[in-house]
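Q: The primary structure of each chain is shown beneath.
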Amino acid sequence: ESSFVDHRGKTITFAKPPERVVMIVRSAPIIYRAIDAKADNIAGMNKDSLVRYFTKGIYAEMLPEMAKINASAAQDGFVPNVEAILAQKPDAVIQWTHDEKIIEPLERVGLTVVGWQCCTEQDRLDYLTLTGYMTGRNDRAQAILKAQADTLKTLDGKVAKLDVAALPTVLHIDKVADQIQVIANGSQNLALSGVSNPAADNTGEWWRTIDFEQLLVWNPDIIIIPAYADDLNPKDFFDNPVLASLKAVKEKRVYKQPVFARTPDAPEIFLTSEWLAAIAHGADFAPDFKAQIAGIYELLYGAKLTDDQVKAILESDSNAAANKYAELFG
Amino acid sequence: MPNSSAEAPAGKVRTGWLGRKLASVSILPALITLLVAVVLYSVTIGRYDLSVRDVTYILIDNVHPLVAPYWDPVHEVVVEQVRLPRIMAAVIIGFGLSVSGAALQGLFRNPLVDPGIIGVTSGAGFGGTLAILIGWQGYLLLAMAFFFGIGSVFLVKLLSTVRGRTSMLTLVLAGVVISAFFSAAISIAKLLADPFQKLPAITYWLMGSIASSNYLDVLLVAAAVVPSAIAIYLLRFQINIMSLGEEKARALGTRVVLVQWIILVASALISAGVVATSGIIGWVGLVIPHVARALVGADHQRLLPVSGVLGAIYLLMVDNLARTVTTAEIPLGIITALIGVPVFAVILRRLHAKGGWSSD
Amino acid sequence: MPNSSAEAPAGKVRTGWLGRKLASVSILPALITLLVAVVLYSVTIGRYDLSVRDVTYILIDNVHPLVAPYWDPVHEVVVEQVRLPRIMAAVIIGFGLSVSGAALQGLFRNPLVDPGIIGVTSGAGFGGTLAILIGWQGYLLLAMAFFFGIGSVFLVKLLSTVRGRTSMLTLVLAGVVISAFFSAAISIAKLLADPFQKLPAITYWLMGSIASSNYLDVLLVAAAVVPSAIAIYLLRFQINIMSLGEEKARALGTRVVLVQWIILVASALISAGVVATSGIIGWVGLVIPHVARALVGADHQRLLPVSGVLGAIYLLMVDNLARTVTTAEIPLGIITALIGVPVFAVILRRLHAKGGWSSD
Amino acid sequence: MIEASDLTVERGGRIILRDYSLRLERGRTLAVLGANGVGKTTLINTLIGLIKPRSGRLSIGGQVGFVPQLFEVPFSYSALDIALMGRARHLGLFGAPGKRDYEIVRHYFHMLGIEDFEPQTFNSLSGGQRQLVMIAQALASECELLVLDEPCAALDYKNQDKVLSLLEHLRDSHAMTIVFSTHMPQHAVEIASDVLLMTSGSRYVCGPTADALNAENLTALYDLPIARADFSGLAKHTYAPVFRHEGVVIDG
Amino acid sequence: MIEASDLTVERGGRIILRDYSLRLERGRTLAVLGANGVGKTTLINTLIGLIKPRSGRLSIGGQVGFVPQLFEVPFSYSALDIALMGRARHLGLFGAPGKRDYEIVRHYFHMLGIEDFEPQTFNSLSGGQRQLVMIAQALASECELLVLDEPCAALDYKNQDKVLSLLEHLRDSHAMTIVFSTHMPQHAVEIASDVLLMTSGSRYVCGPTADALNAENLTALYDLPIARADFSGLAKHTYAPVFRHEGVVIDG
Ligand SMILES: Nc1ncnc2c1ncn2[C@@H]1O[C@H](COP(=O)(O)OP(=O)(O)OP(=O)(O)O)[C@@H](O)[C@H]1O
Ligand SMILES: Nc1ncnc2c1ncn2[C@@H]1O[C@H](COP(=O)(O)OP(=O)(O)OP(=O)(O)O)[C@@H](O)[C@H]1O
Ligand SMILES: [Mg+2]
Ligand SMILES: [Mg+2]
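Residue numbers (the working numbering), protein chains in the order written: chain A, 4 to 333; chain B, 206 to 565; chain C, 206 to 565; chain D, 207 to 458; chain E, 207 to 458.
One or more hints might be untrue.
Unchecked claim - Derived DSSO-like pairs (lysine-lysine); straight-line CA-CA distance at most 30 angstroms:
#1 Lys364/D with Lys305/E
#2 Lys156/A with Lys327/A
#3 Lys442/D with Lys442/E
#4 Lys403/C with Lys238/A
#5 Lys442/D with Lys364/E
Because the hints were derived from the structure by calculation, they are not lab data.
Using the sequences and the accompanying hints, generate a full structural model.
A: Written as structure tokens, this is what we have:
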């Protein structure tokens, strides 16, 4: 028997680990797969999660079984199709907590709901713990958490020695075509990597669209293209004549984020902080990064990555033109 | 001249009066029968497979308890907790929006008027958005939406009243202006919303859905819609008169301002109630009255009920599609238009000759 | 009776005719002067600090090259590549939408009509959304938006033409229906869009922005707006006549169908051009004509140019706010309404007495 | 029934009527005559309360039925629908016409001989037919005071006759008070007990028909020779204009 | 100028006119008389091309100016604006009225004595004033054929006189062809060279005024005694209705 408290403060008890779990939370399937080390108990997920994560890319290569899971739980991230979920006869449903209206219909028909809340760093760690309780694989959950904590602690030790006054500025830009869109207040803690975001304020506004004049005013040292920005590459910056007067473009310090940043709540996301620190401060901040990546993916998914796969994860092709990328990560 | 009327040929009068009553009666019961049929049909469909027999027994059980219910309790839950409240919500909302749309088109004498024109819809939308943004849920959200919706109609009335007189044109323009204002405010709120949780929540809520309706929601929306629809229906004859224009209405002895107010407030209640419980459901209140007018003419005595029932049938069918056609819930607002458009394009073409408006 | 006219008192005729000309002339030049002033002011403001002197030299340099430009080349880029095209776009778009709104309100004799009513706006919006969804950008997107915009006005006309006759009411309803259809289609596209990349792109594009306009964009939107606005202006007198109703217009010898078509197509071109280059910019085309009508009356000969210039000034000022008020670009659609609403609420109240519509 | 003293009425900022006083007892019929634009419609609208006078006192006893000069409807109501609206005053805020109301309206349709129009769309009727429906509407309101603005303007002689007879009948048998405006003095001759000759916004003659209505006053009123004409072989007379009497010069 | 043979016209699915034939030479004036709803407006709308006849042949020579029976405008145009619209035919698709057009319109305003209305909002004019403006509009169109539907219905005698004189003047000095409908036979007596008496949708009398217009025909037309009345002391006559002649019984 396992009993735990979910993010709503509700105590949930399972006599044995549930065998049919429907997940409405977008990143729950990958977390569940990582901790449970198998996909057998995942009975359903969102259409959206399936299409986005499991039909192409590294997950599709490593975890082909995920693509076969029923995807009728919800279309849009959180609004459940109650009858479709009932038809799966689930033992438990993982759902967001942000609105009682999206949980109440599920409980009304007698389903067991585990609530996850969003979006702080602690919430993200909790997903792993909660999944550990559900699957009865708390050991794996703690091992993964420890791997994260160790990496970040080492990184923190190095970042602490940097001169706080001279930290480089980094702007995450995911669009430069019809509009210039930057991440103003994202979820990634940039301080962990020893950089700062000139666009940050505490409005809570995640994305912000700016005009070119504003970009000139901020003039960041480094520009990062988020992993999800499929159509945007460093080359687009280097080839754009209007952007040529930007410092980061002049110095060719425009980088595409690696694939491990693709799924915001995935267990490997912490690698992003290390990668960014290396970009900003040098290879010392992520020593032997390729081996580390292979190790983490093996721990999480039991996958043995080929060298090409690691390169693909690091977006080495896209970043070939960027300053010192090859030197940094081979 | 009260007694002289007896001298009019009685037979003719009787058939005539009854004849008219019958004409209105023959379409309305047909529609009501259709509505009942669609409701019953709706209970039997859904992603969860249930036989028609099971559903019938489950329904009968409520009226006349069957000794040994042999069905799975989950079935009863599906029928009674998932499908029934949702069906009720669709019927009530479709009815309310169409009645209010028909009344407002008559009041403003403008075919482009819909329940959103008086600012309530986007006002209520903003109220709800604000609530989501602050993190309020459930009945707080509902209250906010409702409060802002009703507030905005008062704002519109205030804006358009110059020295005690309200012109219908200014009123309608004030409505447009206030709507635009709240829509912009909604957009601002969306820009500020957390894109992972709150933005999708706002977007989805605004798009309109009755997917998660429970009996309390149904009760709430009914509490807003039913009395308002009754008030509007009671004014059916006054709306006829108001549709001739304010001057004429005044000359005929109508208490113009009072009638305007009742209709505005009743429409505001309907819209605010709908938005509060189910988000913005557009289009129904604009188009259904035109279809109804094509069926029974411009007389609001027949138009209002026919409009209402037609709206109920329409929204119910649309919601049935929304919940069965794909695995995912498609927001109502989308299907309303997507399915409705081709259908109504044809209907409007066909029936336009007798479309009830004189201006074509 | 051509020669009899000479017998009319000549002096009176002259002052009268000139008098009318002057009345229209005195407001229009005032507005044009204001527009020029606002344009010049607009070049000097922005997030990037530039002194008025620098800007002046940079501008003069174009007309009369200064031998040794002492300014930073970045400054020149900011003024000439960032600010100027944007200002031009705002002026052209504001002008076009307002002229088309005024013409359509006259044609349909309905104060609630705006350039979006004939289906172009959401048609073009859908075209653009589709392009973004497919992954097309730049001129492909533009072409898609344009194509769908123009296509939808033809669809509307097709839908509303029964046996060769088009009633204005059916036309306007068909417009509403087609708009609803494409809006729903846009929503569907949004549901299908990747929420990290394409959804925000679609949302932002639809909300309207001229932030990234370059000279090619300006050229494109001008190519759509300028000839159309000229065509509409040339028809100014015919619009007066059409505004009396179709029958009367026909009796006066107007080629009703031709005039309708020219105005519809010209408005469609304007809207499609605007949406294609800058997304959906609502509200301007609806409200500005009312303000203009309050200023100069209903006669379209004066109304159209005044409406246009007023719209240009308004949109330019709004865009100035959009790009300077915060570090973020606020979508035009939002500020248009947010700032405009209180202002126009007051103006409409004040000037409504001579609002140009007879129906209040 | 009607008592107005020193009425001053303005429209669009212009004073149209100044210091009008008039008095009409229950059961009498007043014909209002005057040139175009002199203010007949304005006066009538003031009497029924559509326009508030700027100054002066006005008291009206009883409910008022009204037939306007111009009329359009935005919806295609049937003629019966339109006439039924005349019953509004008797139905209260939440009422709708019932069997009795239909009977009353049909009764007046019958009296006017327009039963056929009942189901027809009001807007598809001819100008004169619409006017008859509007008169039926006003009659159906069964008010003590009936006010009609040029009720016969679009009517042919036969229908004028019907309407005039009906008005007289209503006055006689129900002691209704009637005010109507007209451009044909003959209408006044036929049924009016009183006439109001509006010469200008501030000058008028008001009195019993027999006294006030004569060729002289009418000629002054219309600024055109109006002569008495006697029907050949009948003991009746009319007043008719003598058009183009002095070979009016066209000064164009 | 006008040649119509065997015209059959329907509206809303009902046949209103059957087998109407008529012919009017250039420079002549036709008065159309008939009971309410007989089809005068329908005939006139057919002549000017607003209604397509169901069968029959119709040929009209030259451009047509038209004054409708009912008139409303949705925008507050000035009277001048409205009258200027009469110039549409002369301005082409992309034209706008220039100095000459203003002069012509002002000329007719002057002839009708309505110069004062120029800047006034059309909708704030009285019924009769609007009708004068509409007549000015039709005159300003300077067409060969002028068609007027009850042009004098809302006018006082003075203005009727003005309009009639003006029409006669136009016919005489510009050889204009004129068709107008009216309910007052006197108008026909005054200026019409021809009359069309529409007894029903399929029966009519058409001919020169002197022949066709007599008490007998009119009595048949209106189904009411119409008698010739001679002006006291003048060598003129008129036709006027003998209202309530036989003590018409109100059968209500
Ligand atoms: N809303 C208004 N604003 C300004 N002036 C007005 C308004 N309504 C009427 N008038 C003016 O008031 C005067 C009287 O108009 P009214 O309609 O009372 O005339 P009338 O005697 O009924 O004329 P008719 O015989 O033509 O019907 C006219 O000169 C008219 O122009
Ligand atoms: N759109 C329509 N649909 C059906 N019937 C119509 C329509 N328009 C007119 N009618 C009918 O045609 C007949 C002739 O109408 P019309 O307007 O020509 O009469 P009129 O001779 O001008 O009468 P009036 O003297 O009253 O102006 C009327 O009976 C009328 O009801
Ligand atoms: Mg009048
Ligand atoms: Mg007629």
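Q: Are the hints correct? Go through all of them and say.
A: Results for each hint:
For the hint linking Lys364/D to Lys305/E, the alpha-carbon distance of about 48 angstroms lies beyond 30 angstroms, and the restraint is violated. Taken as a hint, the Lys156/A and Lys327/A pair is honoured in the structure, with Cα atoms around 26 angstroms apart against an allowance of 30 angstroms. Proximity of Lys442/D to Lys442/E is assessed by CA-CA distance (about 18 angstroms); at most 30 angstroms being required, the pair is judged to hold. This hinted pair checks out: Lys403/C and Lys238/A have alpha carbons roughly 20 angstroms apart, not beyond 30 angstroms.
Taken as a hint, the Lys442/D and Lys364/E pair is honoured in the structure, with Cα atoms around 24 angstroms apart against an allowance of 30 angstroms.
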